[in-house]
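Asks: These are the residues of each chain, in order.
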Amino acid sequence: MDISTQDTKTPPPSPQPSAAEQKRAAHGATRPGDRIFLGLSRGSGILLLALMAAIAVFLTYRASLAISKDDANFLTAFEWNTGVVPPRFGIAVLAFGTIVSSIVAMVIAVPIAVAIALFLTHYAPRKLSGPIAYVIDLLAAVPSIVYGLWGALILVPNMTGLFGWLDTYFGWTGIFSWEGGAPRSMLTVGILLAIMILPIITNVSREVFRQVPQMHEEAALALGATRWEVIRMSVLPFGRSGVISASMLGLGRALGETMAVATVLSPDFLIHGSLLNPGGGTFAQNIASKFGEATEFGRDALIASGLVLFVITLLVNGAARAIIARRKEYSGANA
Amino acid sequence: MSTVIDKRPSTLRGARLPKWSPYAIAAGSAAVAIGVGTAADLASRVQWGLIAGLLFIISTYVIAARVEGRRQAKDRIATCLVWVAFLLAVVPLVSLIWVTVERGVKVLDVYFLTHSMGVVADTEVGGGIYAAIIGSLEQVGLATLIGAPIGVLTAIYLVEYGRGNLSRAITFFVDVMTGIPSIVAGLFILSLMLMWDMQPFGFAGSLALAILMMPVIVRSTEEMLKLVPNELREASLALGVPKWRTILKVVLPTSIGGITTGIMLAVARIAGETAPVLLLVFGNPFINNNPFEGAQASLPLYIYQQYANSAGSGAAYDRAWAASLTLIAFVMILNLVARGIARWKAPKTGR
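Chains A and B, in that order, give the protein sequences. Count along the first sequence from 1, add 141, and you get the number used in the numbering used here. Count along the second sequence from 1, add 184, and you get the number used in the numbering used here.
Here chain A stands alone, though its shape is the one from the complex:
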């Protein structure tokens, strides 16, 4: 992050110090005060890196303690019995549930979030778009446990009608068949997660859409394009990578969400083909609900499942950040 060259406010005639001088200014701290300050700030940077490494190492160590005693296959077993001898537990159901609920959330949230971002940047009356963006910012700050409480007490009872309708008209697909239990199922979880990740996807997409060069849009308008054609031809292509990374950030949130899932879902350790029948589980939800009665070994087993979640979110977030970083490079000269 070389700010002296990126800073647009730097007047062009100011002479750039030579590379050697710059290096000395940056690292060759001569005064004791400089040395201490550099040490402190570099130290905390290194501490952050060490922390990440420590998280990986400690989780792996505790996880290995648990997995080595697992009598079932950790990756494929459909049960979670850590209290019995020999213990049998596996993450197949959790991985399935985590992925399914996140996919449902993404399918619902991404189109709506992109549409809201477009609404804010291109459709809303200018006077409205500021306050709406502000409110969406605030909604991103609502604690997840409040979403969970709302989901369990308000959303779940109101889902019955939708579930009946889906079962009547789309039950034949198998995905939407419903046996009439309480609607504490993966679909409800997915809808709640979608509501929760909507603000973050909207915010990031909005920032990206705002950076679309004015020239591109005006050129399209001058050629007689309608507003929708402007969006399709200049805004969406420019913003595509930004929207992808925004979605992946949202996905990262959805994968790791704990309390909202723990309050809404009624879990079991089976894989259900239908999204409407209650059951299944996610990594985070399983940790939160099994933790209370877990022995020390049970906690290690939960840590093992948390390690898998950690790796998954690490990959998703790393990919999202890599996409953002690449985009920054080629759009460096934002007109």
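These are calculated hints, taken from the structure and not from any lab test. Misleading hints may appear alongside valid ones.
Claimed, not checked - Facing chain A, from chain B, some residues (calculated, C-beta under 7 Å):
#  : residue
1  : 206
2  : 215
3  : 216
4  : 219
5  : 271
6  : 275
7  : 294
8  : 297
9  : 357
10 : 375
11 : 387
12 : 462
13 : 484
14 : 502
Unchecked claim - Here are the computed lysine-lysine pairs in the DSS-like style, where the Cα-Cα straight-line distance is at most 27 Å:
#  : chain 1 : residue 1 : chain 2 : residue 2
15 : B       : 258       : B       : 290
16 : B       : 433       : B       : 529
17 : B       : 203       : B       : 258
18 : A       : 431       : A       : 210
19 : B       : 290       : A       : 268
20 : B       : 258       : A       : 268
21 : B       : 203       : A       : 268
22 : B       : 410       : B       : 529
Claimed, not checked - Pair by pair, the computed Cβ-Cβ distance ranges are:
#  : chain 1 : residue 1 : chain 2 : residue 2 : range
23 : A       : 248       : B       : 219       : 28 to 38 Å
24 : B       : 219       : A       : 314       : 43 to 53 Å
25 : A       : 216       : B       : 307       : 33 to 43 Å
26 : A       : 244       : B       : 202       : 38 to 48 Å
Quick caveat: nothing in here was measured; it's all calculated off a predicted structure. Even for Gly, the Cβ is constructed at its ideal location relative to N, Cα and C.
Use these hints to put chain B onto chain A, whose structure you have.
Replies: Only chain B this time, still in chain A's reference frame:
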């Protein structure tokens, strides 16, 4: 509508639908939907709405395609869909705020704020969130004391000193760290506690919260430090001021508003974290003022426990809503104040 086509005005613009047409189409499709609904005796009003919406979109497309051409018709559909998406998203969000306020004010009073659960059973009326507020304030405060200095110093390193591989690695991992699920941070501290065979206590929660807080602070502080004009640094250095004093006396004071905002937003974020607190602090119906020993209560955890342990009792749900309202109010006030500071203290960059 056909008359409009016949008498096409001879301007460069094609024929346009009159401005009132969307309203007319909306009223028409609503009327037809009500007619169909009563005729076919559809019980659910949602179905009426769906029919009306579908009719509106189809008739808008057909009419606009006849009069204005296909491209304009598509444009109108896109406009409709964008508005629908917006309204669709507003419904749950408004409902969330509305319900929390409506149900929360029922038991939220001075008694509720100044008393703890103690021996009040989960199904009984009474009790309050005093212990939870104390616990939350102590845990979040300690987390901020740990997280804020490390976060700000890291940002200073990245902006003022950072060159080369180390700073690139830190930048990348800070980004990745922002996405760590809160429960994983909790599990990390839990694995440390299992090593030394410790019982749950408040400070353990603070450590996990600090981990969640640091990357957020690094990010926001970095942005703020980058906004400080380079002329200021150069002027100070040209006067022979050492770099560390330049940072302390020139760079930080200029950006202090933005940094404070970032820290407060991070505090607002961790104040609502439940998962790590659930694992590490455990919850406690009695007042425990010492975050370094014994289980403590915490506001988000209180909400979860009132919900989960109450077996559908109305009194516990009321308490959960009231605690939610308190938590939301706390977070929102922090947010608003932070944004106020940001606006008030925004660095004056250029003219």
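Asks: Which numbered hints are broken by the structure, listed smallest first?
Replies: 1, 2, 3, 4, 5, 6, 7, 8, 11, 14, 15, 19, 24
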